[in-house]
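Student: Read off the chains here:
Protein chains: 2
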Amino acid sequence: MHLSTRGRNVPPSPIRKLVPFADEAKKRGVVVHHLNIGQPDVPTPEVFFERVGSFREKVLAYGHSAGSLPLRQGMAAYYRRLGYPVGDEHVTVTTGGSEAILFSMMAICDPGDEIVCFEPFYTNYNSFAVQAGVTLRPVRCSPDDGYHLPPRAAIEAAIGPRTRALLICTPNNPTGTVLRRDEMQTLVDLAIAKDLFLVSDEAYREFVYGEVPHTSVLAFPELGGRAILLDSLSKRYSVCGARIGCVVSSDPELQRSFLHLGQARLCSPSLEQHGALGLLPIEGDYFQSTQAEYHRRRDAVMRGLAAIPGASARTPEGAFYVMARLPVDDAGRFCEWLLREFQLDGETVMLAPGDGFYATPGLGRDEVRIAYVLEVAHLERAMRCLREGLAAYAKR
Amino acid sequence: MHLSTRGRNVPPSPIRKLVPFADEAKKRGVVVHHLNIGQPDVPTPEVFFERVGSFREKVLAYGHSAGSLPLRQGMAAYYRRLGYPVGDEHVTVTTGGSEAILFSMMAICDPGDEIVCFEPFYTNYNSFAVQAGVTLRPVRCSPDDGYHLPPRAAIEAAIGPRTRALLICTPNNPTGTVLRRDEMQTLVDLAIAKDLFLVSDEAYREFVYGEVPHTSVLAFPELGGRAILLDSLSKRYSVCGARIGCVVSSDPELQRSFLHLGQARLCSPSLEQHGALGLLPIEGDYFQSTQAEYHRRRDAVMRGLAAIPGASARTPEGAFYVMARLPVDDAGRFCEWLLREFQLDGETVMLAPGDGFYATPGLGRDEVRIAYVLEVAHLERAMRCLREGLAAYAKR
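Residue numbers (the working numbering), protein chains in the order written: chain L, 152 to 547; chain D, 152 to 547.
A hint or two may mislead.
Pairs involving identical chains hold if they fit within one copy or between any two copies, as the list cannot separate such chains.
[To be verified] Below, a list of computed lysine-lysine pairs in the BS3-like style, where the Cα atoms sit at most 25 Å apart:
(1) K209 / K177
(2) K178 / K168
(3) K209 / K178
(4) K209 / K546
(5) K345 / K546
(6) K345 / K178
(7) K209 / K345
These are calculated hints, taken from the structure and not from any lab test.
In isolation and in its complexed conformation, chain L is listed as follows (with noise of 0.2 Å):
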């Protein structure tokens, strides 16, 4: 009796693998600023709330598996507004943008499959990959180009007969890097030409500083059904823990094959899709604050690692994650020594170490993803508690 090699190599996440320590801190007393974890401190917006608490029913019953028909005709309207031709019919809402990964890597691929993706890349596709048996061939991605894509040559070498996809997430998490179109458009021609599926995941769509607009998966009408398109309402609008998210396909066997997924598991959370039909009307200030906000807090995190020596990180242009390289030659044993053995006037910080967004070894292990998802305030200070505890490692 033992578990399977599916169940000991679905690896634990770089993100909360450090917990336990950041939990050891905080009994200490110590106040741990989480920059480890894309949480976004931004309040929910109250109509999500006021929803919920309208909700009238007696029972709280199972919904449709391809989620509630209004909330599908909202994501389909949003999708509108951008410019995009997309009807209710395709879009299935899912549990989270989580579970939009695994339906799909389950549509397109069988055991054995493979999905070219880009690294670092969000740590999660790895664990949703092998629990579909999926192998993901990473194609790197360097800090000196910030994190764009390398020449398509490069890209082509790594798709073999068992490619089923091209996988990318723009603006990326754990890079900040937004696609140019010109980059979207190599990957469309290389998807048509090889016969693969272009997956995209735009999570963090109405998070973009620089002048790169984002491009989405769904500007290209020639992929047809190509196209699959990974959301989520967690980023969007501050509500993580809803556990709303969906997929968008325009390939009616594909949106079969989910629904048939949805029937397995048969609905997504009633009550917060019911909530979440409140959030899809917001749009343009409520963006554009959240934009001006998180542009302060990239600001301040980007002057912060200015002030440290032997640091670096491009500018990141979309999203709230910066790869930062630090002088340290084992990010993760540094990140773990800054919950357990450090503190500056009683504070320190929690980062993700960042080998755990690279599939090939060795790489990431002078990195970090630092999250700004706090106030400048709070960013300011943690930036200084990693200056003065990378001064103080340096030095032990």
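Dock chain D against the given chain L, drawing on the hints supplied.
Tutor: Quick look at chain D alone, frame taken from chain L:
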């Protein structure tokens, strides 16, 4: 560019696949009595909505990947009240009992491994097995034995070198059978002798009407880490839409694997976990009155079946389902006909075709699953629709 074999093989839910015909019937003004799905009409306890309404955090944030600590503690306390030595470290909160099924299959099976189950079985075991690349080896239980277990030798014959677990459901969906203690002991002995997990889905634990008490997998300390309990709050407290369940195991390695699977999808819905906390102290009176109500309903359905020429069913001991044999050669076609072509005084009935609950082709074609989840007056009208429908169907 095409779906995976897996993507095509995840079956549609036999419980839900006739929904489009039901929707059309409703559009024509026909009242559809839903006996197809285990969606109780029992009101969700007010305390759930009160707690949800009292949520006062400004941000609906991610929770712990294993579930909120108070919820795990509350679940453990519930099991201890039943007499089982469960600590909160033995409980992982899952997004519905559905996810408990998926997590357990993922953690104990590699693709190609096998699980022995007992048919007819909860149809979604099959959907999750397809997702996890697991082969279900069905052992047939006969209506003539009240769907109780066949002799030990028949079970042993299904166990092969790749078998990793025995999977049971007690009280059973779809048969309502409650396994006796001696049957459970046979399974326990087999699991130990053959080095297998014993995975027990006990979502209907609190719904037992006969003289056979429910025996949990947790009642056998000799199983140690071989015991895996799958559970759900959905039916117990009529909160199907909340998507809160759990998986219980005393094996730390298995719990670690559940944690990592949980980290991949971040967390179960936060607000509904918060609401569920209010449900766990509910005891005695609530379950007794719910049981008494379902007992009456069961008896109403059995009376209705007894009045139908050529129909037969044994009286189920628990849950809220009965598998009934009908005098038709293709129950699926008959169920569709009931929705598309039949009505009695503007009403009809929706049932789940039986073959979807079997893995062996050809079995269950003259059976339906009836969920007695409506009040007695509605059940009586639904059974009248079934009786008159069968008579009209025979005369077509």
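Student: Taking the hints in turn, state whether each one holds.
Tutor: How the hints compare with the structure:
| no. | hint | verdict |
| --- | --- | --- |
| 1 | K209 / K177 | between (41 Å within a copy, 21 Å between copies) |
| 2 | K178 / K168 | within (17 Å within a copy, 52 Å between copies) |
| 3 | K209 / K178 | between (42 Å within a copy, 24 Å between copies) |
| 4 | K209 / K546 | neither (63 Å within a copy, 41 Å between copies) |
| 5 | K345 / K546 | neither (53 Å within a copy, 57 Å between copies) |
| 6 | K345 / K178 | neither (54 Å within a copy, 45 Å between copies) |
| 7 | K209 / K345 | neither (52 Å within a copy, 47 Å between copies) |
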